[in-house]
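Visitor: Chains as they are written, first to last, in the working numbering: chain U, 2 to 284; chain D, 108 to 595.
In short, the hints are calculated from the structure, not lab data. By construction, the Cβ of each residue, glycine as well, lies at the ideal position given by its N, Cα and C atoms. Each hint should be verified, as a subset may be incorrect.
Unchecked claim - A partial selection of chain U residues facing chain D, derived with a Cβ cut-off under 7 Å: (1) 21; (2) 23; (3) 24; (4) 38; (5) 42; (6) 44; (7) 87; (8) 89; (9) 224; (10) 260; (11) 262; (12) 266.
As the list claims (entries may be wrong) - List of simulated lysine-lysine pairs, BS3-like, C-alpha gap at most 25 Å: (13) 253/D - 40/U; (14) 259/U - 214/D; (15) 40/U - 214/D; (16) 396/D - 258/U; (17) 155/D - 214/D; (18) 122/U - 207/U; (19) 253/D - 315/D; (20) 266/U - 155/D; (21) 258/U - 155/D; (22) 266/U - 383/D; (23) 572/D - 259/U; (24) 155/D - 259/U; (25) 572/D - 315/D; (26) 259/U - 98/U.
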Amino acid sequence: MYEVVSKKRLADSVTLLEIQCPAIAAKAKAGQFVIVRQKENSERIPLTLSDWDAESGTITLIFQHAGRSTHELALVEEGETIRDVVGPLGRPTEIEKYGTVVCVGGGIGLAVLRPIARAMKEAGNTVISIIGARDKSLLILKDEMHSASSELHVTTDNGSYGRHGLVSDVLDELIGEGRAIDLVVAIGPVPMMRGISDKTRPHGLKTVVSLDSIMIDGTGMCGGCRVTIGGETKFTCVDGPDFDGHMVDWDELVTRKKMYSEHEKECMALFRAECGGGAGGDE
Amino acid sequence: MSKEIRAREPMPRQSAEERRGNFDEVALGYSKEQAVREAQRCLQCKKKPCVSGCPVEIDIPEFIRLIAEEKFEEAAKEIKKTNALPAICGRVCPQEEQCEQVCVLAKRGQPIAIGRLERFVADWEATHSANAGLCDVTTSPPPKAKLGRVAVVGSGPAGLTAAGELSCLGHEVTVFEALHDPGGVLAYGIPEFRLPRTILHREIEYVKSLGVKIETNAIIGKLYTLQELLSNGYDAIFIGTGAGLPVFMNIPGENLNGIYSANEFLTRVNLMKAYKYPEYPTPVRVGRKVAVVGAGNVAMDAARCSLRLGADEVSIVYRRSRNEMPAREEEIENAEEEGVKFHLLTAPIRFIGDDQGFVNAMECIRMELGEPDDSGRRRPVPMAGSEFIMEVDTVVVAIGQSPNPVVRQSEPGLATTKWGGIIVDEETGATSIPGVYAGGDAVTGAATVITAMGAGRRAAHAIDKYIREKHGASSAASPDGEECLLQR
Ligand SMILES: Cc1cc2nc3c(=O)[nH]c(=O)nc-3n(C[C@H](O)[C@H](O)[C@H](O)COP(=O)(O)OP(=O)(O)OC[C@H]3O[C@@H](n4cnc5c(N)ncnc54)[C@H](O)[C@@H]3O)c2cc1C
Ligand SMILES: Cc1cc2nc3c(=O)[nH]c(=O)nc-3n(C[C@H](O)[C@H](O)[C@H](O)COP(=O)(O)OP(=O)(O)OC[C@H]3O[C@@H](n4cnc5c(N)ncnc54)[C@H](O)[C@@H]3O)c2cc1C
Ligand code: SF4
Ligand code: SF4
Ligand code: FES
Numbered sequence: 002m003y004e005v006v007s008k009k010r011l012a013d014s015v016t017l018l019e020i021q022c023p024a025i026a027a028k029a030k031a032g033q034f035v036i037v038r039q040k041e042n043s044e045r046i047p048l049t050l051s052d053w054d055a056e057s058g059t060i061t062l063i064f065q066h067a068g069r070s071t072h073e074l075a076l077v078e079e080g081e082t083i084r085d086v087v088g089p090l091g092r093p094t095e096i097e098k099y100g101t102v103v104c105v106g107g108g109i110g111l112a113v114l115r116p117i118a119r120a121m122k123e124a125g126n127t128v129i130s131i132i133g134a135r136d137k138s139l140l141i142l143k144d145e146m147h148s149a150s151s152e153l154h155v156t157t158d159n160g161s162y163g164r165h166g167l168v169s170d171v172l173d174e175l176i177g178e179g180r181a182i183d184l185v186v187a188i189g190p191v192p193m194m195r196g197i198s199d200k201t202r203p204h205g206l207k208t209v210v211s212l213d214s215i216m217i218d219g220t221g222m223c224g225g226c227r228v229t230i231g232g233e234t235k236f237t238c239v240d241g242p243d244f245d246g247h248m249v250d251w252d253e254l255v256t257r258k259k260m261y262s263e264h265e266k267e268c269m270a271l272f273r274a275e276c277g278g279g280a281g282g283d284e
Numbered sequence: 108m109s110k111e112i113r114a115r116e117p118m119p120r121q122s123a124e125e126r127r128g129n130f131d132e133v134a135l136g137y138s139k140e141q142a143v144r145e146a147q148r149c150l151q152c153k154k155k156p157c158v159s160g161c162p163v164e165i166d167i168p169e170f171i172r173l174i175a176e177e178k179f180e181e182a183a184k185e186i187k188k189t190n191a192l193p194a195i196c197g198r199v200c201p202q203e204e205q206c207e208q209v210c211v212l213a214k215r216g217q218p219i220a221i222g223r224l225e226r227f228v229a230d231w232e233a234t235h236s237a238n239a240g241l242c243d244v245t246t247s248p249p250p251k252a253k254l255g256r257v258a259v260v261g262s263g264p265a266g267l268t269a270a271g272e273l274s275c276l277g278h279e280v281t282v283f284e285a286l287h288d289p290g291g292v293l294a295y296g297i298p299e300f301r302l303p304r305t306i307l308h309r310e311i312e313y314v315k316s317l318g319v320k321i322e323t324n325a326i327i328g329k330l331y332t333l334q335e336l337l338s339n340g341y342d343a344i345f346i347g348t349g350a351g352l353p354v355f356m357n358i359p360g361e362n363l364n365g366i367y368s369a370n371e372f373l374t375r376v377n378l379m380k381a382y383k384y385p386e387y388p389t390p391v392r393v394g395r396k397v398a399v400v401g402a403g404n405v406a407m408d409a410a411r412c413s414l415r416l417g418a419d420e421v422s423i424v425y426r427r428s429r430n431e432m433p434a435r436e437e438e439i440e441n442a443e444e445e446g447v448k449f450h451l452l453t454a455p456i457r458f459i460g461d462d463q464g465f466v467n468a469m470e471c472i473r474m475e476l477g478e479p480d481d482s483g484r485r486r487p488v489p490m491a492g493s494e495f496i497m498e499v500d501t502v503v504v505a506i507g508q509s510p511n512p513v514v515r516q517s518e519p520g521l522a523t524t525k526w527g528g529i530i531v532d533e534e535t536g537a538t539s540i541p542g543v544y545a546g547g548d549a550v551t552g553a554a555t556v557i558t559a560m561g562a563g564r565r566a567a568h569a570i571d572k573y574i575r576e577k578h579g580a581s582s583a584a585s586p587d588g589e590e591c592l593l594q595r
């Protein structure tokens with residue numbers, strides 16, 4: 002049992018939970034994740050370690066209310082417990098002194114990007130971050146990204162905050178201006194990561210992406226999270242989640258993520274019927 | 108000599124018609140009368156040939172004699188001297204290749220149904236004995252100072268056995284398990300209808316009652332490394348991480364939706380209880396036509412689960428012939444009775460998907476058997492021009508598993524074979540790192556529950572010796588291992 006010590010609503014349908022998990026907090030590294038099973042009959046869902054504090058022994062998870070499991074998780078209150086939290090899973094992001102690192106993040110991807118940007122900066126890199134959301138109300142972790150970066154650009158799809166446009170527009174400009182870039186880290190929805198990878202490829206800019214395939218165990222035991230990287234099958238949970246964006250078979254990833262769409266809809270409908278919308282604010 | 112001629116007592120089972128519609132246990136177990144009748148067939152051979160067929164060396168004639176005398180509780184205690192998981196072994200041991208194969212009656216008729224009797228006694232104890240199969244904690248002597256601390260990695264049969272044994276030998280034992288429930292393959296792989304989870308939980312509770320602590324959600328190599336365990340007060344480590352890494356065929360289309368590894372399919376169904384979806388929200392997709400590739404126990408389990416999840420047609424696709432099928436005969440028969448079809452001498456060569464990326468067909472090629480290969484079985488050879496298309500909407504790949512890589516990847520000092528098996532001294536289970544032992548599928552590759560338990564037991568005694576020598580205590584103080592599980 003793992004106690005929730007604090008809970009915040011960061012945006013419409015985005016919740017932050019700080020959970021007492023001293024052993025994981027002592028070991029966490031940027032880019033790693035945990036698998037959470039809220040109660041006895043819950044699914045196991047992967048969530049990134051968005052922050053951690055070895056001293057207080059807590060980890061921070063930030064998640065979007067996507068379907069039944071995340072909606073249910075958003076109903077857990079401070080002082081209540083979560084049945085299972087296992088981690089830290091996955092290979093940590095390779096943090097080195099590259100020079101200039103551009104961190105591009107969209108939507109909930111910022112929960113994953115924040116610790117990576119911070120670690121890159123701590124390793125002595127110049128970190129240029131470009132973050133975005135569809136709307137101002139969905140933008141999370143702006144202040145945290147600000148302090149994790151040497152330079153921050155903010156975009157919204159509808160112009161409600163920062164610059165009107167997409168994160169990739171800003172990246173285009175940086176490349177166009179001839180800024181020296183040694184590494185790009187792109188984390189967000191698949192179309193965004195794919196778009197960024199397509200843009201950086203012709204410039205030979207190494208691009209790291211973080212894949213979110215469907216998982217169960219997270220220990221390399223089931224192969225459900227398999228993705229094709231440069232023609233080879235890899236397991237996202239143990240070989241990733243970071244991969245070279247230029248090598249990913251994106252079509253396959255998109256297809257595999259849809260494997261259970263009917264079940265997901267059904268579960269969500271049942272959840273709504275039971276809880277009358279429950280956590281709410283998800284549309 | 109009517110004793111020898113009498114046939115073995117048949118096992119009552121759910122009818123094939125009934126059972127393919129539920130996940131309840133197929134074999135129903137002997138009644139008291141049946142058990143006693145079967146026990147009376149035993150010749151009580153002086154040389155006990157059957158014992159040599161049991162990797163944990165249960166005194167088989169002795170426990171059978173106790174059954175014949177209707178001393179069931181004593182029979183259970185006799186078994187538990189060397190086997191902490193009798194209700195499990197009685198159900199899933201391949202007895203026909205072990206204890207029952209060497210029973211003298213096997214040559215003259217039908218061997219004693221040792222496994223069924225073992226199961227009977229364990230179940231009887233659980234429902235009739237005052238302490239319901241657990242050691243009586245209240246009357247046991249106060250714990251003595253522990254001799255040493257041991258970390259056990261993995262809670263499958265190897266880990267649980269090593270842990271129980273070490274605890275009885277006087278050590279403080281913590282089992283670290285990566286998943287949320289203990290049991291290894293017993294929890295995530297073998298289906299409910301062969302091993303009800305209440306029985307698994309009961310036997311795990313028994314191991315805990317011996318003083319073993321189990322920490323779930325603890326993935327060694329990530330949460331703690333072996334070196335960290337050793338420098339944080341553990342005198343020794345036993346690695347029983349199993350062979351959980353699924354093997355794929357690496358043929359075109361294998362990552363299409365609807366194609367599962369057996370591990371994923373069975374984990375969804377058993378560990379995550381997808382058969383109770385949507386009460387348990389983890390889904391599994393079982394279409395109308397399911398093909399299971401492979402013919403071992405794992406394949407039979409996946410095929411029989413598919414039937415129970417509502418598939419119209421379930422086929423086993425296997426590249427060799429019936430004689431080479433590695434599954435237990437009993438499981439093959441069960442599968443056949445339930446309606447599983449067998450496409451033998453057939454191998455998939457590619458998968459074909461629809462426009463949504465879901466598998467809808469599988470191209471296969473027919474095989475014929477050629478010269479024997481390394482495994483001594485005749486090698487299947489593709490027959491040119493025999494390709495054909497099989498319509499399928501779910502595929503389960505059950506062609507094998509190799510050892511779990513997480514521990515070995517985090518510990519470069521741990522010597523392993525090319526295929527990832529941990530290299531050990533066969534007698535003791537000692538690895539290349541002093542104080543670190545290993546056993547079970549992590550060493551041998553996918554094998555059996557009882558061989559994993561045997562390895563766990565042997566390693567436990569070697570670890571006990573290692574710790575005693577390390578602490579300079581005399582090993583004469585060690586309680587006799589044979590009596591160990593009963594000692595408390
Ligand atoms: C390594 C990793 C790290 C992740 N970190 C985070 C995180 O920090 N914050 C966060 O909000 N989400 C994260 N995710 C995604 C998160 O796991 C899913 O949103 C969650 O499992 C959805 O469960 P559900 O029952 O609520 O939704 P479902 O009903 O299962 O699905 C709802 C929607 O989410 C999509 N979905 C389903 N499963 C996944 C999945 N495993 N990954 C992505 N999308 C999925 C479906 O396609 C569907 O559109 C991560 C995923 C991975 C693999
Ligand atoms: C579907 C199926 C059916 C089978 N049927 C039979 C049968 O009928 N009869 C029979 O005798 N055998 C059968 N077997 C084989 C038998 O189950 C195995 O040989 C046996 O379970 C091996 O035991 P083990 O303890 O070595 O490993 P496992 O049972 O595999 O247990 C290993 C455990 O270690 C955990 N682990 C792995 N890595 C880590 C880590 N880094 N940190 C912490 N924990 C970790 C795993 O999560 C797992 O729980 C079957 C196997 C399968 C898959
Ligand atoms: S444990 Fe297995 S091999 Fe040993 S006696 Fe029981 S059934 Fe036979
Ligand atoms: S070999 Fe068979 S008959 Fe003889 S003691 Fe063992 S079980 Fe009984
Ligand atoms: S989630 Fe099972 S292997 Fe990655």
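Visitor: Give a verdict on every hint.
Guide: Results for each hint:
| no. | hint | in the structure |
| --- | --- | --- |
| 1 | 21 | violated (13 Å) |
| 2 | 23 | violated (11 Å) |
| 3 | 24 | holds (6 Å) |
| 4 | 38 | holds (6 Å) |
| 5 | 42 | holds (5 Å) |
| 6 | 44 | holds (5 Å) |
| 7 | 87 | holds (4 Å) |
| 8 | 89 | holds (6 Å) |
| 9 | 224 | holds (4 Å) |
| 10 | 260 | holds (5 Å) |
| 11 | 262 | violated (10 Å) |
| 12 | 266 | violated (11 Å) |
| 13 | 253/D - 40/U | violated (35 Å) |
| 14 | 259/U - 214/D | violated (56 Å) |
| 15 | 40/U - 214/D | violated (53 Å) |
| 16 | 396/D - 258/U | holds (22 Å) |
| 17 | 155/D - 214/D | holds (15 Å) |
| 18 | 122/U - 207/U | holds (18 Å) |
| 19 | 253/D - 315/D | holds (16 Å) |
| 20 | 266/U - 155/D | violated (61 Å) |
| 21 | 258/U - 155/D | violated (57 Å) |
| 22 | 266/U - 383/D | holds (17 Å) |
| 23 | 572/D - 259/U | violated (54 Å) |
| 24 | 155/D - 259/U | violated (58 Å) |
| 25 | 572/D - 315/D | holds (23 Å) |
| 26 | 259/U - 98/U | violated (37 Å) |
When the structure is compared with the earlier hints, violations turn up for hints 1, 2, 11, 12, 13, 14, 15, 20, 21, 23, 24 and 26 and for no others.
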